[in-house]
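A.B. asks: Each chain, letter by letter, is given below.
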Amino acid sequence: MVFSKRIKETLGVPKAKGFWQNAFRRFSHNKLAMVSLIIILLLALLCVIVPMLSQYSYSQPDFTGSLQTPNLKHLFGTDGLGRDLYVRSFIGGRITFEIAFAATVVVLLIGVLYGSIAGFMGGKIDSLMMRFVDVLYGVPFLFFSILLLTLFGQSLMLSFVAIAAISWLDMSRVVRGQTLSLKQKEFVEAAVIAGVGKWKIIIRHIIPNLMGVVVVYAALVVPNMIVLSAVLSFFGLGVMEPMTSWGLLISDGSQNMDSWWLLLFPAMLMTITLLAFAFVVNGLRDALDPR
Amino acid sequence: MDEYRQMMKFLIRRLLVAIPTMFCIVLLVFSLVHATPGNPFQGEKALSPEVMKQLLHQYRLDLPVWQQFYLYIVDLLHGNFGPSYKFIGQSINGLIFPDYMGGFWVTMRLAIYAMIFTVPLGILFGCYAGLYRNTWFDRLVVMLNMFFSAVPTIVTGPLAVFLFAVILHLLPASGWGDGDFKHLFLPVTILTLAYMPTVAFVTRGSIIDVLNSNFIRTARAKGLPTRAIIFKHAIRPTLIPVVSLLGPMFAGVLVGAIVTEQVFALPGLGILTTNGATNRDYNLVLGITIFGSFLTIAFNFFVDILYFFLDPKIKQ
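Protein chains in written order, with my numbering: chain A, 118 to 408; chain B, 4 to 319.
Next up, chain A with everything else stripped away, as it sits in the complex (with noise of 0.2 Å):
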């Protein structure tokens, strides 16, 4: 160890960079990329302060004030029952997000340990594994995940469980797929060589070398949820009054189309921070996935 830096230091050769501060060097210089994670950051904090700062209640009725336009006591309006918009807009976005950050961790638990086991056993396990997600592959998405709303009843938090937990397919294929051609390399074999355990050579071993994609899939599960979650919001499941969610808000603003301001602005938020999501996702994978 002291002897490579000492030769290193004499030879004045730049100390190689670790994978991920390479990949986070070229993140950083995708401006697009960069601009939309400081906006989804930006967002994501607005959604924790401006609930707890705010005069307004989200779910405090005024019917004094009910349908005012945008102005400057309400940056947003009301809504028909005389609530701040602007409030209850950032306590959906904070819903919205905590739903899809939650599902997004258990996708990422499934999906990885389901897709590394089955790539780094192989044969009858691995085929019997695949032959599973086929099966859940068959069944469309939306209909599952409203069979288990109604199943698991109002109890949100469960149902994104649940719904998650029928979300990993897309992960636990190409974790598969990735665990396959690593399972072929040098440092794997030294491992299975060293008499290393199956269990600790994917936790190990496997596992850690999978995290690039893994990044890369973990910021595209978000926005899907997002999606998802106002879709499922649409159809009167999920997140319930007075609590709301930018699927909840855009629903009643498409219902109520006079007031121009209770559709416009919670679609506004949405469309902003999926189109922030797909350019962060397209920067993570050219910045991890360099082909």
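Certain hints may be false.
[To be verified] With beta-carbon atoms standing in for the labels, derived distance ranges:
1) A:L162 to B:A301: 44 to 50 Å
2) B:Q70 to A:K241: 28 to 34 Å
3) B:P101 to A:I320: 51 to 57 Å
4) B:F305 to A:I320: 39 to 45 Å
5) B:Q70 to A:V165: 31 to 37 Å
6) A:A307 to B:S216: 54 to 60 Å
7) B:I76 to A:L162: 51 to 57 Å
8) B:Q70 to A:D179: 53 to 59 Å
9) A:F136 to B:Q71: 31 to 37 Å
[Said to hold, decoys possible] Some residues of chain B that are not near chain A, with every Cβ distance over 10 Å (derived):
10) Y7
11) K12
12) I15
13) C27
14) Q61
15) P67
16) V77
17) F90
18) Q93
19) R230
20) R283
21) T292
[As the list claims (entries may be wrong)] Here are the simulated lysine to aspartate or glutamate pairs, DMTMM-like style, with alpha carbons at most 25 Å apart:
22) B:K185 to A:D375
23) B:K56 to B:D78
24) B:K12 to A:D251
25) A:K148 to B:D141
The hints are simulated quantities; they were obtained by calculation from the structure and are not laboratory data. In this text, a Cβ means the ideal position worked out from N, Cα and C, and glycines have one as well.
Knowing the structure of chain A, use the given hints to seat chain B on it.
C.D. replies: What follows is chain B alone, placed relative to chain A:
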């Protein structure tokens, strides 16, 4: 003759995959529904034990689960989804395939219209963009793909309604009407826009790859005119990735049609599913889910057949 034999072999092999898959799906969703505690008639009004027993018997819910499953499968094989739990006295078949314009008929029309526009236009635009790379049209295709694969119909739909119906007063905001052009234009356009850019984008990438490949270079070196190169040699391999996209896309369009119905208040499968879900009508949601899976798998089978004709590698 040999070709025919090969094709039959291929089809049978695909069927041998499709049928067990369908069975597993039915088993999965059926056991999910029947694993939930309680029965669908609890929590309505207080029913006397005799009435409850009668109801359970009427809907076969007093039998052991495996027997219920067996009977359900037999019913399904006869094309019967069983009775609805909440629309008393109605069969699910009657709800999904009504005599009037509604249920699946609406969804099917929407999905078919959307597919009719999505696939040919997507392929056409994609080829054009790929052939004339880095022109404004190419950039437009890439940008539209970015936008419409990020922003879903539940956002674009209401915005389109707002623009064309509320501000411009050009088109009706919602409803089926009698399925005329005015009522269908917005839903079909929104649904098409959601999927066409993806088809165009995939076609674009595929044709760029194909045009860079060796056999095209050979064709060029041989002195073939560009038109002949594209139509005789490039089109078939270009379409292979596009066709493999169609299977999952059909499931997407089916679901997308249902979401679009919800946005435009059309009387299709969407409203039926919602009713089923909010009334906790398990059998209805179960039936629709199984029906949707069946359509998806059937369509994938159809795509496989297309694949067989397009990709010579499969024949080996």
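A.B. asks: It remains to establish, for every hint, whether it holds in the given structure.
C.D. replies: Here is what the structure says about each hint:
1. At roughly 48 Å, the beta-carbon separation of A:L162 and B:A301 lies within the given 44 to 50 Å, and the hint holds.
2. For B:Q70 and A:K241, the hinted distance range of 28 to 34 Å is satisfied, since their beta carbons lie about 32 Å from each other.
3. For B:P101 and A:I320, the hinted distance range of 51 to 57 Å is satisfied, since their beta carbons lie about 54 Å from each other.
4. At roughly 42 Å, the beta-carbon separation of B:F305 and A:I320 lies within the given 39 to 45 Å, and the hint holds.
5. The beta-carbon spacing between B:Q70 and A:V165, approximately 53 Å, falls outside the hinted interval of 31 to 37 Å.
6. The hinted range of 54 to 60 Å is not satisfied by A:A307 and B:S216, whose Cβ atoms lie roughly 38 Å apart.
7. As the Cβ distance of B:I76 to A:L162 is approximately 53 Å, the hint placing it in 51 to 57 Å holds.
8. Between B:Q70 and A:D179 the CB atoms are about 57 Å apart, so this pair conforms to the stated range of 53 to 59 Å.
9. Remark: the range hint 31 to 37 Å for A:F136 to B:Q71 is contradicted by a beta-carbon distance near 54 Å.
10. Interface exclusion of B:Y7 from chain A stands, the closest Cβ pair being 28 Å apart, more than 10 Å.
11. At the 10 Å boundary, the C-beta of B:K12 stays outside the reach of chain A, the nearest C-beta of that chain being 21 Å off.
12. At the 10 Å boundary, the C-beta of B:I15 stays outside the reach of chain A, the nearest C-beta of that chain being 18 Å off.
13. Separation of B:C27 from chain A is inadequate, the least Cβ-Cβ distance of about 4 Å not exceeding the 10 Å criterion.
14. Against chain A, the non-interface label of B:Q61 holds: every CB pair exceeds 10 Å, the least being about 21 Å.
15. Non-interface call for B:P67 relative to chain A: holds, since the shortest CB-CB distance, roughly 21 Å, exceeds 10 Å.
16. Separation of B:V77 from chain A is adequate, the least Cβ-Cβ distance of about 21 Å exceeding the 10 Å criterion.
17. Consistency note on B:F90: stated as away from chain A, and its beta-carbon is indeed over 10 Å from all of that chain's, at 15 Å minimum.
18. Listed as a non-interface residue, B:Q93 keeps its Cβ farther than 10 Å from every Cβ of chain A; the least gap is roughly 18 Å.
19. Non-interface call for B:R230 relative to chain A: holds, since the shortest CB-CB distance, roughly 33 Å, exceeds 10 Å.
20. Remark: the non-interface label on B:R283 conflicts with the geometry, its nearest Cβ contact in chain A lying 6 Å away (cut-off 10 Å).
21. At the 10 Å boundary, the C-beta of B:T292 falls inside the reach of chain A, the nearest C-beta of that chain being 4 Å off.
22. As the CA atoms of B:K185 and A:D375 are separated by approximately 21 Å, the hinted pair is consistent with the 25 Å bound.
23. Under the criterion of a C-alpha separation no larger than 25 Å, the hint pairing B:K56 with B:D78 is consistent with the structure, at around 23 Å.
24. With a C-alpha separation of about 21 Å, the suggested pair B:K12 and A:D251 falls inside the 25 Å cut-off, and the hint holds.
25. Taken as a hint, the A:K148 and B:D141 pair is honoured in the structure, with Cα atoms around 22 Å apart against an allowance of 25 Å.
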